[in-house]
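Q: Sequences listed follow chains B and U, in order. When we follow my numbering, the leftmost residue of the first sequence carries the number 1, and every step to the right adds one. When we follow my numbering, the leftmost residue of the second sequence carries the number 1, and every step to the right adds one.
Derived from the structure by calculation, the hints contain no laboratory data. Since this is a predicted model, take the numbers as computed values, not measurements. Accuracy of the hints is not assured; some may be wrong.
Since the list gives no way to pick out one identical chain from another, each pair is judged satisfied if it fits inside one copy or across any two copies.
Stated by the list, open to error - Here are the simulated SDA-like pairs of lysine to any residue, each with C-alpha atoms no more than 20 Å apart in a straight line:
no., residue 1, residue 2
1, Lys344, Leu110
2, Lys344, Asp2
3, Lys305, Gly59
4, Lys443, Ile433
5, Lys443, Pro431
6, Lys29, Glu371
7, Lys443, Gly432
8, Lys344, Tyr399
9, Lys44, Arg158
10, Lys224, Tyr63
11, Lys276, Val88
12, Lys36, Pro52
Protein chains: 2
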Amino acid sequence: MDTNTFQTIDSIFNPTSVAVVGASRTPGKAGSAFLKGLIAARFKGDLFPVNPEGGEVMGLPAYRCLGDIPRPVDNVIVAIPRAALPPVLEDCATKGVRMVQLFTAGFSELSGEDGLAQEKQLAARARSCGYRLLGPNCIGVSRPALSLPLGPEGILARPGHVGFVSQSGSLSLRTAQVGITRGIGFSKIVSFGNGADLDSLDFLEYMGMDPDTTVIGAYLEGVKDGPRFVRILKDICRTKPVVVWKGGATEAGARTAASHTGSLAGSMAVWRAALKQSAAMAADTLEEAGDLLLGLQTLPPVSGKRVTIISGLADGGGGESVAASDICTSLGMEAPPFAPATVKALTGLVGSVGSILHNPLDLSQAYGRPERIRQALELASGDPNIDVVIFEAVLDFLYAWLSDETIEALFSMLIELSPKLGKPVIAILPPGINEMPRLELEKRLLAAGVPSYPSLERAVKTLARLHRWNRQRAETEIESWDRGGP
Amino acid sequence: MDTNTFQTIDSIFNPTSVAVVGASRTPGKAGSAFLKGLIAARFKGDLFPVNPEGGEVMGLPAYRCLGDIPRPVDNVIVAIPRAALPPVLEDCATKGVRMVQLFTAGFSELSGEDGLAQEKQLAARARSCGYRLLGPNCIGVSRPALSLPLGPEGILARPGHVGFVSQSGSLSLRTAQVGITRGIGFSKIVSFGNGADLDSLDFLEYMGMDPDTTVIGAYLEGVKDGPRFVRILKDICRTKPVVVWKGGATEAGARTAASHTGSLAGSMAVWRAALKQSAAMAADTLEEAGDLLLGLQTLPPVSGKRVTIISGLADGGGGESVAASDICTSLGMEAPPFAPATVKALTGLVGSVGSILHNPLDLSQAYGRPERIRQALELASGDPNIDVVIFEAVLDFLYAWLSDETIEALFSMLIELSPKLGKPVIAILPPGINEMPRLELEKRLLAAGVPSYPSLERAVKTLARLHRWNRQRAETEIESWDRGGP
Numbered sequence: 001m002d003t004n005t006f007q008t009i010d011s012i013f014n015p016t017s018v019a020v021v022g023a024s025r026t027p028g029k030a031g032s033a034f035l036k037g038l039i040a041a042r043f044k045g046d047l048f049p050v051n052p053e054g055g056e057v058m059g060l061p062a063y064r065c066l067g068d069i070p071r072p073v074d075n076v077i078v079a080i081p082r083a084a085l086p087p088v089l090e091d092c093a094t095k096g097v098r099m100v101q102l103f104t105a106g107f108s109e110l111s112g113e114d115g116l117a118q119e120k121q122l123a124a125r126a127r128s129c130g131y132r133l134l135g136p137n138c139i140g141v142s143r144p145a146l147s148l149p150l151g152p153e154g155i156l157a158r159p160g161h162v163g164f165v166s167q168s169g170s171l172s173l174r175t176a177q178v179g180i181t182r183g184i185g186f187s188k189i190v191s192f193g194n195g196a197d198l199d200s201l202d203f204l205e206y207m208g209m210d211p212d213t214t215v216i217g218a219y220l221e222g223v224k225d226g227p228r229f230v231r232i233l234k235d236i237c238r239t240k241p242v243v244v245w246k247g248g249a250t251e252a253g254a255r256t257a258a259s260h261t262g263s264l265a266g267s268m269a270v271w272r273a274a275l276k277q278s279a280a281m282a283a284d285t286l287e288e289a290g291d292l293l294l295g296l297q298t299l300p301p302v303s304g305k306r307v308t309i310i311s312g313l314a315d316g317g318g319g320e321s322v323a324a325s326d327i328c329t330s331l332g333m334e335a336p337p338f339a340p341a342t343v344k345a346l347t348g349l350v351g352s353v354g355s356i357l358h359n360p361l362d363l364s365q366a367y368g369r370p371e372r373i374r375q376a377l378e379l380a381s382g383d384p385n386i387d388v389v390i391f392e393a394v395l396d397f398l399y400a401w402l403s404d405e406t407i408e409a410l411f412s413m414l415i416e417l418s419p420k421l422g423k424p425v426i427a428i429l430p431p432g433i434n435e436m437p438r439l440e441l442e443k444r445l446l447a448a449g450v451p452s453y454p455s456l457e458r459a460v461k462t463l464a465r466l467h468r469w470n471r472q473r474a475e476t477e478i479e480s481w482d483r484g485g486p
Numbered sequence: 001m002d003t004n005t006f007q008t009i010d011s012i013f014n015p016t017s018v019a020v021v022g023a024s025r026t027p028g029k030a031g032s033a034f035l036k037g038l039i040a041a042r043f044k045g046d047l048f049p050v051n052p053e054g055g056e057v058m059g060l061p062a063y064r065c066l067g068d069i070p071r072p073v074d075n076v077i078v079a080i081p082r083a084a085l086p087p088v089l090e091d092c093a094t095k096g097v098r099m100v101q102l103f104t105a106g107f108s109e110l111s112g113e114d115g116l117a118q119e120k121q122l123a124a125r126a127r128s129c130g131y132r133l134l135g136p137n138c139i140g141v142s143r144p145a146l147s148l149p150l151g152p153e154g155i156l157a158r159p160g161h162v163g164f165v166s167q168s169g170s171l172s173l174r175t176a177q178v179g180i181t182r183g184i185g186f187s188k189i190v191s192f193g194n195g196a197d198l199d200s201l202d203f204l205e206y207m208g209m210d211p212d213t214t215v216i217g218a219y220l221e222g223v224k225d226g227p228r229f230v231r232i233l234k235d236i237c238r239t240k241p242v243v244v245w246k247g248g249a250t251e252a253g254a255r256t257a258a259s260h261t262g263s264l265a266g267s268m269a270v271w272r273a274a275l276k277q278s279a280a281m282a283a284d285t286l287e288e289a290g291d292l293l294l295g296l297q298t299l300p301p302v303s304g305k306r307v308t309i310i311s312g313l314a315d316g317g318g319g320e321s322v323a324a325s326d327i328c329t330s331l332g333m334e335a336p337p338f339a340p341a342t343v344k345a346l347t348g349l350v351g352s353v354g355s356i357l358h359n360p361l362d363l364s365q366a367y368g369r370p371e372r373i374r375q376a377l378e379l380a381s382g383d384p385n386i387d388v389v390i391f392e393a394v395l396d397f398l399y400a401w402l403s404d405e406t407i408e409a410l411f412s413m414l415i416e417l418s419p420k421l422g423k424p425v426i427a428i429l430p431p432g433i434n435e436m437p438r439l440e441l442e443k444r445l446l447a448a449g450v451p452s453y454p455s456l457e458r459a460v461k462t463l464a465r466l467h468r469w470n471r472q473r474a475e476t477e478i479e480s481w482d483r484g485g486p
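Next up, chain B with everything else stripped away, as it sits in the complex:
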């Protein structure tokens, strides 16, 4: 991607002003929803509703057409019926806007060849008029750091350094929401819909070059240029981790994809080969994509597969330990026995009746005492056989066994200790009947560099993939990767 194109796309993510064509006083309309979202998010730029009736919309002066706006307009969001497009696009050209984001749908996703021809015309027209086109059938761009929210839903993701490129509007929103609940921060999010002009490959290439983006995620139903896709992916993977969530992986999915964004989903074999050649990480579901992005964003490189799993912070832990061994082994990580010196030290610390001093480690006999648990964590994570530390805190057990003061002391200890262990640390916080304190703990742990997963399976699966990625990087001489700030 040449510097010029990079700068153009970069400016799309950094508008100083946004006009919304189709914003009206009627609630429930997409244009009104876009404007409402921008106002609610407190977008750090100028906002111009465009409505043929003029007057005021949501407290802002509405302009009858783009030409009436007295200041420059960077991005234009268009949410009007297809038939009403031509004069608006004419105005966009005259006004000299940078980007037109078409929420308007009804092109190749609906009428196949005919729609595709119309899309090509739209793109050609954009090129000749000097603006770039996003969509049609898309919810557009979001830049959390500028409070530029995503879509008519106005979802403002948490700011951060994950760039997300999506062929689906709703799945980009779902990803942003998973980010809000799990603590994944985004540099930029774009949903490009049918991608008549700018499409997945442009945005992937941009994210690869963008210094503000250190981790890349993509939801793709199909790409138009297979060889270019492989080339770009290989290139990006040299410097940044990429998670690709592929929609339309089966025949039934491909059929649905065609009518969703008019994509030719392509054979899954080609996709797998592309991912393999490039060291990109495949995700099959939203949960998997979120798990990987959270881990990549938060954890230092996972350089080994030997895990210690610590459970039973209050009572419980035995059954969890048994299950934990199975999970590690079956998902490609290892929970090796501790070194004899570690076992000896642990026995001295927590005794042995009713608790399991192997790895996985059941700390029930520490009875939730923060100081003992700290020492046990230090011993287990300091073991030379261990690369990664996982602890499981079942909040329902903690609340059943311990006083609120002890629980707080335990949490403070975990938060303070984790960054000092010198190894990647992951928390397992299973959902239960104490959701509010659980989510609060999740937030505090994240701030200390510890990502939380709802189940051990999902954590271990993520770790195994991150470990494999780390090995692939070494094998393919991928350049060193700078994860950037938290």
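Chain B is fixed; fit chain U onto it per the hints.
A: Just chain U, lined up with the frame of chain B:
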């Protein structure tokens, strides 16, 4: 199982009085925790703390020994160090109690052969003295309908008709908690620890005969008598569905299991054969076990694999539909095209621009209007090609697009309509940033016979297994299964 044994075990689940040996004024002790749990749950029977110091414990008169209790004692919970056991067991014999539940640990799980020999002595002694033994190293029995809670945590599961048998205390608690959050109700829960006297097979056989139990779940790390296990499982599966969650499935897990409950985990091949011969359903994780139990408890038999998936109740839905096709196909269910008449009627109802009128069905263009969504649901579920109905409600989208009144109207419609569709109905309610209304909707849907799952994958995986079970039943001429009350 003879009637006598059945009645004995049944009485263990229905005590009219419980004594807790080891309950004291010192908080944090297991005996105190058991008593506290029983009081907090308002156990519907007599409670007797036993403590050598006498006096009062938590407002109840404490007895120096069992013999001092002036009334009959059914169940005795013993939570004292191993060395202090002999005189207490002597007292149990003299008092003529029905069951002794040993929380006390430190037997075969700790010292292998020696511990096993001691356990055999405990069991022989129980038999000769006329009481039954639970444990050692166990948290015992729970009967939610009698407010008899589980373990020292005092977890009171939701009453219902699922019987759960667990070799692990903490995983029985976790299962009860998953039941509380997801709406699974339990007839009886038992965690038998090392199972010196009564063990997994006794309780499985009991649950099979128990008229109050219509669905059975089990967490097992190993069984002592393989052929008897297969025989019992085959026998139970003739009348009730059984979900077996196997711990210690890998070598590492088996190693951990040995030190957890002293179990010989046995080769996984033997387990798989046992499950296959019996039509029992295998679960690999707590989540899978919960998903299956919830479905079995709530849904009518899944007699076909053709699913309709309806998304986009407010905005969104396109990407979800693409992903949904893939998920169905890859997990062994089908999302077949609708009959032409259905497609025609749907087009008349919601138009076609930007929405996907295939199956999976994207209803974005109904703009959250409850009446249109009702009609679309009726059309889709009434299609002769469809056996099961799944709808996805992304609450974060609903709250972004619709007024609170419309959302409530939509929920009321879904709750009222679902039982009338005449087919199994499942809701997908992904977690997000509106957790409280989501959990509330989950509860209301459950009361209408609609189980909720957090992701489509988990719902479809569950449905596929239930459908397979239904087919196995037909093939092996399993007797008709009465799911009982909700």
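Q: Tell me, in ascending order, the numbers of any earlier hints that this structure violates.
A: The structure conflicts with hints 2, 3, 8, 10, 11, although it agrees with all the remaining ones.
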